[in-house]
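Asker: Please build the complex by placing chains B, C and D on the supplied structure of chain A, with the hints as guidance.
Residue numbers (my numbering), protein chains in the order written: chain A, 4 to 370; chain B, 19 to 518; chain C, 9 to 153; chain D, 9 to 427.
Keep in mind the hints are simulated off the structure, nothing from the lab. Some hints here could point you the wrong way.
[What the hints assert, rightly or not] Derived SDA-like pairs (lysine to any residue); straight-line CA-CA distance at most 20 Å:
hint, chain 1, residue 1, chain 2, residue 2
1, A, K281, B, E166
2, C, K85, D, V30
3, B, K155, A, P277
4, A, K278, B, P178
5, A, K254, B, K174
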Amino acid sequence: MKGSRAEEKIMSGCAISGILNRKGNRFSGEEIIDSIALMHERSNGLGGGFAAYGIYPEFKEQYAIHMFYDDLDAKEEVEYFLNRHFNIAVAEKIPTREVDKISNPPIIWRYFAMPNEQKLSEFGLADDEYVAQSVMNINANYRGAFVVSSGKNMGVFKGVGYPEDIGDFYKLEEYEAYLWTAHGRFPTNTPGWWGGAHPFTLLDWSIVHNGEISSYGANKRYLEMFGYKCTMQTDTEAITYLFDLMLRKHKLSLESAVKAVAAPLWSEIERMEPKEKKIATAIRTIYGNALLNGPFSIILGHKDGFLALNDRIKLRPLVVAEDEERTYVASEESAIREICSEPEKVWTPRGGEPVIGLLEGREEVWA
Amino acid sequence: MGLDYNIPEFIIERDQDRCIDCQVCQHQCANQVHAYDQDLEKMVAQDIDCVNCHRCVTLCPTNALIIRENPSEYKKNKNWTGNMIENIQKQAATGGILLTGMGNPTAKKIYWDHILLNASQVTNPSIDPLREPMELKTFLGRKPDQIEFDDNGELKDLPPQLELDIPIMFGAMSFGSISINACKSLAKAASDLGLMYNTGEGGLHQDLYQYGQRTIVQVASGRFGVHNEYLNAGAAVEIKVGQGAKPGIGGHLPGEKVGAEVSKTRMIPKGSDALSPAPHHDIYSIEDLRQLIYALKEATDYKKPVSVKIAAVHNVAAIASGIASAGADIIAIDGYRGGTGAAPTMIRDNVGIPVELALAAVDDRLRQEGLRKNVSLVVSGSIRNSADIVKAVALGADAVYIASAALISLGCHMCQKCYTGKCNWGIATQRPELVKRLNPEVGAQRVKNLITGWSHEIKEILGGMGINALESLRGNRLMLRGIDLTEKELEILGIKHAGK
Amino acid sequence: MKRVYAREEYCLGCKLCEVYCVTSHSKSKDIVKAHKLEEITPRIIIESKDNISFALQCRHCEAADCTKACITGAIQKDEETGIVNYDAVRCVGCWTCIMACSYGVIRRDEYGDKVISKCDLCITEEEPACVTNCPNSALEFEERE
Amino acid sequence: MDYVIIGNSAAGIGAIEGIRKVDQEGKITVISDEEYHTYSRPLISYYLAEQVSAEQMKYRGADFYQEYGVETRLGDRVVKVDQDDKLLALESGEEINFNKLLVATGGTPFIPPITGANKDNIYTFIKLDDSKAIAQEVEEGDIKEVVILGAGLIGLKAAEALVKLGVKVTVVELADRVLSAILDQDAAEIVQQNLEAKGIEFVLEDTIEEFSGTDRATAVKLKSGQQLKTDLAIIAVGVRPNTELVQDTEVELNRGVIVDDQLETNISGIYAAGDVSEGYDLVRGSAAVIPIWPNAYRQGLVAGQNMAGASESYNEGFVRNSIGFFGLPMITAGIINPEGDGYEVLSSKLLENNSYRKVVLQEGKIVGFIYLTDIDRAGILTGLIKEEQDVSQIKEELLADDFGYLSFSEEERRKLLWL
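Isolated chain A, as found in the complex (with noise of 0.2 Å):
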């Protein structure tokens, strides 16, 4: 692919931000790129990227795959694919504006499509993980192509740049979402590969992430366990698909499946009331390779809001603030105060310590 994928790890810098319209209500992409664009610093210009969620209402219940595609060729393979196993409501170019500061994107197109009924009775599978396995099949196999992103009613916009040029390559003033992401990227050592760029997602679920994890090697072999292909090189792939392991495959509470990946130490689960303490202890016995270990603070953006986490010992920097309808999220304060100089409530969640944003209404995806 162009710019070629990693071959080892990719160790990165980064700034995030996230904004939730507790209510639902959806705003432009303006705000977050200006809340991103405030912490240029921490970006260098190989990758920027904004995950946007209920973008798509007129198409809500289809996936919305997003695509990069080096050349047509690969184009081409992929639609066959996709044609066999999908059945295709819209395919379209994704619109974007000529930018001085972004060159050589790859193809970038998007599908609204539902997974084709008789391969699914055929595969005995649901239909995201149908969705799922589609994946991380054209990701792993078709050489040129990749997955930007395939949940319901949102989308990934991503590139190489710096944020607030990919914001404006992708005109995302024209779409509104309740809940945006972003990122800016500043990789040590990476090539620029569209792919590459921040959010990572499967179906919903999509991740911002600044850090570097140590136990990315533990936690991508044990997503191979379970079907999960790693091809990225990634930790925040591996982590995206973490969540999609615990909270999708295996149904696991929010609240328990950050007790996994950032697990309370051995010592407090000693302190915890019997219960409580069991199934901590359980947790970290079963899901112990899902412990992301080394620095981070990542958003997880879902169709019902988001989670903000760090590491359990905070290496990495995470502020959270709240107004009457909207919950913010970033890397730097300053990056909430520039669209929201007066919130209500600001705070430095502790390590380890989620910080959750949810619908209203939507309460019960937590516990």
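Answerer: This is chains B, C and D only, laid out in the frame that chain A set:
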């Protein structure tokens, strides 16, 4: 036979200016090497009987003793080395098989030494274990794929787990092959440290029942000392199929080591040879193994994990996979450098494969089959230091068994004469006057010191990697790089070469 | 008070306690010189036969018979430290103490005609030399009921 | 509380130390007709032989009385004991009240009725003054030959001292061997040979009939008719309890002052200890005078504690002696020449180095022993007598050179050695 064609292996040098004729060396040598000569009025030594166990050297209060390899050299010959010649002389004199103790000493590649560890620089911080929590806790036992709650939202109990505060256990060494004081040292150390020790095929001496929660009781082909109380006294049961030092052959505890206590514990007549058959005569197939695993689970009311220990041999990955499917909760793999109380030299030095390669292959295979997340993997067979442990865990092990290292901490100086029963350090012996040389309180403390030291080192290494919990190291082969390894070796180990 | 207790189950019979006792009570405090150049009777007695051995030294009894028997007042119990002290200057070598000590841990000094040889707990050291140097912790220096 | 102790030797000192264990306040007065700071009576022969100085004779340090808060009346003598008024009259005219009294007056040498026994140069040998007087004679006079009557402990220690001073000594003894009270025939022979080798001559199974001479004896006539020249003589045929003081009181006497196991006499508040007393003999199982130093101290100590209100008892008395002549040591205890049935006697062969051992058993328990020459660890046997330990299982080992605690079972050993 007349002339002994062998020359002394070691030469004892005594500095007469230092020697004070205190005769400590004489009192301490079970091989009766040292003696005070009344006529010469000085200490003298019988070099040919010396096994170089260093007991006398260590206890000599004036450091008057030095033991050297006999400098007499054979004519240079890369093929017919001195060692080869001596072995032939021994057999020509006795007609017996060559016996030996402890692990394989030959100069074959030690893969641990060709694997290097990673550390964090800049992009992720290393963690200082003196300031930050550093967790080494590990659970061994069968894990479900996912956490499960019942209809009332109550957590379903996990299958039985062994909780280890440090991913180290003391490997199987039977009472009989080692002394009761050695057993007590290990059992007490395991209890105090929150680890496990393993009874080996020696039954459980009554004094050791108190350490039951830290005991893995072994069931081997001789079934010595196995009864219901025994099975239920420990926290886990291990079926020993094979041993790294002597894959494919059984065990032999000579009758002179079967004293009253060993006899009672093993439930065999006093003075009789304890012969463990090469195979379990109720396991001729994987389905037989499954039956035994479930028989033991039945006997222990499904409250104890069952481990299956095998020697690392050529098709170890497939065997391990079969064992996992047969219902074992823990698989223990013993590499060809593993120790033994007694083994035929030719077997020990030529049968089996390195545990590093076996571990990598087994971990890979179990992952390919999706079984690794369910079954625990323990490796052994010459884990020599904390770095070996870190490498083993990164290659994919949950924990390690150490045995030789533990015995060394008790005083063993690797003379490899365990099979003679005359261990001057009170370890591999049943002679009361030698057994009491190992004070189990001192022994337990020394073992604990060793493990404490190792655990500090493991924490330092983990911290350097930017990891603060052991589970993030398990199977994390990105933390490893190879040097001086071929592409094939790197491929099997699943690691990159240094520089990549 | 802290006393030395032998644990015969761990006594090797190596007699290193004796070696270090002699060194500790030598003028040179040098192990080689003490044995090669000085004449010192150890203050410790080792009983050893077959597989059993143990070391014995003055028990520093509460009601020490030797102090009561001593005809010169050369052996007296220090009520503060509990140590049964011996003053060679006052001793005439009548051996009444040997007669009185039911532990048999006082003996004639082989190298002096009137002094006895008896453990002094190496009072100037932190713990007695025999205890420090026992390779198997078969001697313990501790307070017991 | 007023404590008065008559006697300043082992029992008296024991009593002072005993009282102070219990009572730090009460007044203690010690009265002795000897003017000396407490001294060690057994050392008088060493003093005579110039082996110890006057300073070294002291049984306790120079500040002993001060340290223990003791008033002394040394060189004075109690002439009357008023048991009703609890009052003592002293020779000096002083009267002293007491609440508790200890009679520790020791023994008096027995002088048999021999013609001429009152001559100036005839001595007994139990006090420092005796030793000083003899020493002075040897130093000043022309003393070349001395006859000693009695080959017991006192006689032989005197003989040893005089030989060391260059005097020729002849010992006359009625019994057939030396040290007949503490040795058997075999051991006595060795000791005698050893003493003879040093120049002492013995006349056994004989006694002195007459000391001849004017003021001073110049010769002795023996019962056998033999005549011996002498420049000085010492009578050492035995010591009797010095009960004189209490003879006029209601204190009950036998050979000595009768005491119970708390060392109290029949008169409440009056105690006796040491050579004057007659307490329980563990070995004989009956009352006896046990005139030995360690016994005196122990009795004094227990008496002192009880005087001060404690309730200690002492039942461990039996005869035991450690003595040596010219470097030949011996330790003996209890019954060593058993008479009658019920005894078992074990004895070793005489060894070249004059080593000899003998143990007497009764009902499996040791009641007496002799260790000659190789005396180390003899105290183990003393202890076994005291503990009344059954040793029938280890009889064979009792005589071994290296007899020790190894001979016992581990359990017994742990008990005996408190391990």
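Asker: Confirm or reject each hint.
Answerer: Hints versus structure:
Restraint check for K281(A) and E166(B): the C-alpha separation of about 12 Å stays at or below 20 Å, so the hint holds. Between K85(C) and V30(D), the direct Cα distance comes to roughly 17 Å. Compliance with the 20 Å bound is thereby established for this hinted pair. Annotation: proposed proximity of K155(B) to P277(A) holds, straight-line Cα distance about 19 Å (limit 20 Å). For the hint linking K278(A) to P178(B), the alpha-carbon distance of about 17 Å falls within 20 Å, and the restraint holds.
Proposed proximity of K254(A) and K174(B) is supported: the alpha carbons are some 15 Å apart, at most 20 Å.
In summary, the structure agrees with every hint in the numbered list given earlier.
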